[in-house]
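Student: This is what each chain is made of:
There are 4 protein chains.
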Amino acid sequence: MILLNCDLGESFGPWQMGNDEAVIPLIDCANVACGFHASDPLTMNKTVSTLVREGVNIGAHPAYPDLVGFGRRSMAVAAEEITALVLYQVGALEAIAKVHGSQVSYVKPHGALYHDMMHSDETFKAVLKAIVDYNPELPLVMMATADTSRWQALAEQAGVTLWFEAFADRAYDDEGKLLPRSKAGAVLQDIDSIMQQAQQIIEHESVVSVNGNQIRLKAQTLCVHGDNPQALETAKRIRSLIDQAKA
Amino acid sequence: MILLNCDLGESFGPWQMGNDEAVIPLIDCANVACGFHASDPLTMNKTVSTLVREGVNIGAHPAYPDLVGFGRRSMAVAAEEITALVLYQVGALEAIAKVHGSQVSYVKPHGALYHDMMHSDETFKAVLKAIVDYNPELPLVMMATADTSRWQALAEQAGVTLWFEAFADRAYDDEGKLLPRSKAGAVLQDIDSIMQQAQQIIEHESVVSVNGNQIRLKAQTLCVHGDNPQALETAKRIRSLIDQAKA
Amino acid sequence: MILLNCDLGESFGPWQMGNDEAVIPLIDCANVACGFHASDPLTMNKTVSTLVREGVNIGAHPAYPDLVGFGRRSMAVAAEEITALVLYQVGALEAIAKVHGSQVSYVKPHGALYHDMMHSDETFKAVLKAIVDYNPELPLVMMATADTSRWQALAEQAGVTLWFEAFADRAYDDEGKLLPRSKAGAVLQDIDSIMQQAQQIIEHESVVSVNGNQIRLKAQTLCVHGDNPQALETAKRIRSLIDQAKA
Amino acid sequence: MILLNCDLGESFGPWQMGNDEAVIPLIDCANVACGFHASDPLTMNKTVSTLVREGVNIGAHPAYPDLVGFGRRSMAVAAEEITALVLYQVGALEAIAKVHGSQVSYVKPHGALYHDMMHSDETFKAVLKAIVDYNPELPLVMMATADTSRWQALAEQAGVTLWFEAFADRAYDDEGKLLPRSKAGAVLQDIDSIMQQAQQIIEHESVVSVNGNQIRLKAQTLCVHGDNPQALETAKRIRSLIDQAKA
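Chains as they are written, first to last, in my numbering: chain E, 1238 to 1484; chain V, 1238 to 1484; chain C, 1238 to 1484; chain H, 1238 to 1484.
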């Protein structure tokens, strides 16, 4: 059964972001901002309170310390510091989850840390180290591609479970990687195409690349968004698709 | 048996503060900065690593979000936000302690939060709430004064244990409160006077006020400092005093 | 001729706030956030670019260093630090204004700094000092009350011009001070009442207090808001009122 | 006449760094931290006050927004944001300089921004744009290498003057670039070797590379440090060398 995950709790102080109330009923897993790229202790507390009430799994969404850049900018952070900042953020969220009778269920690095982890084994290992030292039961969420053997080997060696996520609304290249947003057609706009890609990922563990090739893409979770009406509509329809498959 | 506590881990990024290596062997309890008034994830990780190796208890030292002011400036922070930021900081430290095989053993608010808690029941209750929701086994450290019945009643009601701390090197008024640093004689300079006050606190649970009155002052812990040679020398002599009493 | 001022440029990184584009054509003076309670260099640059294009005066809106609290929380900041942080923020904005062929035209402290300045002569003098040292031609905007003689005396002594601002949509007490937001009726909701108060301030330099007394209130500027539809509608109608009076 | 420059004013809040008082009498130009990698408004005010009293030129030392990383970590900051953050920092320092009767005399980017500017024309142009828009009279300080024609062409096109700086205590490769600190011998330890290199830069506009080749290196300024006894001693001797040459 594929899970739906969504980035959540991304308001900061007086600034609102996203449409958390609307998307929470649709998802299984919430990637909760931990104060480094977004959110603050009070926002985290309110977000977690809602998630626990709605029965959504709480994932830590740690990031580089770059609030103004929303954690989207690659930073040359040393491996031992990455380990420490992941620990710090996971722990902060864990304490807040604990007071609501819950716990952190997985870790999904955010933004540039997420991408840097895919391109640098050193960064990837630094994240793995945080998880294995803290709680090796926590799965690490990363991007599904056609060939994930390299990461699986490193994670297995560390003793950490990987969850791969796919995107119903993003175009893939022949390696099963996301087409960069700078390229035309990188983000699917037509909801029928998006639903078709969702269905193919869920039922056939594959996608059709921009070159028309069928690419293997095995994913445990799909990433959806809730910050605009079309994204919400898409999330609702994918939720129905999954629920029907379940039934 | 009275415990020695000291604020520790107060470096930040490239900036060093204090003399942690020298003072750690002398103390029982370290109040570890959690990133809001000082420290950062990497510094916390290094600090905790040393503390665990040396067998020192790890206390969370949460503060207002005021790095440039070192958490020393009172801020009009709402109660629910105080609760959330204490949780956040305690949790961040707990995760780091956990990877080193240890845990947070108590909570001592820092600077202005520490003082505001003494002057505002709302602030005090907000801190208590964080502790009782997170882990009511964690004692809360606050300042010993002649009459602590008000705080004890509130803490008992919340189900939290209080530890009171006294200062060997600070002058007291007739209510058992510290003379403000702005007043002459507020900080004792003569090491013999400091040792005499330490001894009186430890053996007789009292101090002599600036007016010459003997004031009851019951303390579970003494706060020492390690950031200058005289403070270190004082800490060493108080350590000896306690160890001799033990022997 | 009374001027309309509005807080502007309060987005931060990826977080949007306010409706700057809609309100800019209606106002004379924009109080531009300078990065301490809101905004960032890039946002400031975009804000100033729009203001210059639209011919709106640029005011510096310096604040305490409290992003998560949006500068709304009183902080115990020392006088010399207040002077320095006002200078810092005014200078940062001035450089950005300069590259767009403009300059800072006045200073209006934000949030808690604005209010603290009204309650503490030390804070008020610290702000005056920043202005007089930097550019005594810059007026300082503060709240109009029935009796402003105390501030006028201090400002005159320093050599700084004061501009007093009034609020069309806030209830006043008998001292010409704003009723705290915590009190019922503090914010006027009915647009006719708001327009009536605007007209009275503009034409008669007075308001009717919550107790029904006519209070003298001399203001050079009215503060409007653009962050919700009613506020915008109010701003439009006050703009018309002023333009008609001018005609 | 070659000028001595030194990074200064790098304390932050309660954290001290460097030995500004000792090095200020020895230098011509101070690269003053502007709050993004170090310093804060009050520290800047104190630093500038001392520099003006001692007659040292004030240079802006803008950096990426990375306090915990001291601006030493490359960040993927967009060009328009680099322009804006340089403007912001230069302006903040300018205001503080102005109240002390002085002004910003040049711009030297700090840390990772300094290095990124050497490796990316886009970053270099973004810095140039800030300067030319703000005040094209301000020279931009960057690293001297054997061939600086590319940067000189870009700077000339923009209308900005470049000042090149050399290092007496760093080993150079055959392109006149600094040997990375990770390589053995990258930092010269022997004071006689350092003085010899200083003399060669000053008198012959060249250095001997690690491979023994004489490399052309034309520099308007030498960068010295004041944060340890040997650095101070070196700075003193280079000061004497220059003063004797002058005499």
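The hints are simulated quantities; they were obtained by calculation from the structure and are not laboratory data.
A hint or two may mislead.
Treat identical chains as interchangeable: a pair holds within one or across any two.
Said to hold, decoys possible - Keeping only pairs whose Cα atoms sit at most 25 Å apart, straight-line, the calculated DSS-like set for lysine-lysine is:
1) Lys-1483 with Lys-1283
2) Lys-1335 with Lys-1362
3) Lys-1335 with Lys-1473
4) Lys-1455 with Lys-1483
5) Lys-1366 with Lys-1283
6) Lys-1420 with Lys-1483
7) Lys-1362 with Lys-1283
8) Lys-1362 with Lys-1455
9) Lys-1420 with Lys-1473
10) Lys-1483 with Lys-1473
11) Lys-1455 with Lys-1473
12) Lys-1366 with Lys-1420
Student: Output the numbers, in ascending order, of every earlier hint that fails for this structure.
Tutor: Going through the list in order, the structure violates hints 1, 3, 6, 9 and 12 and respects the others.
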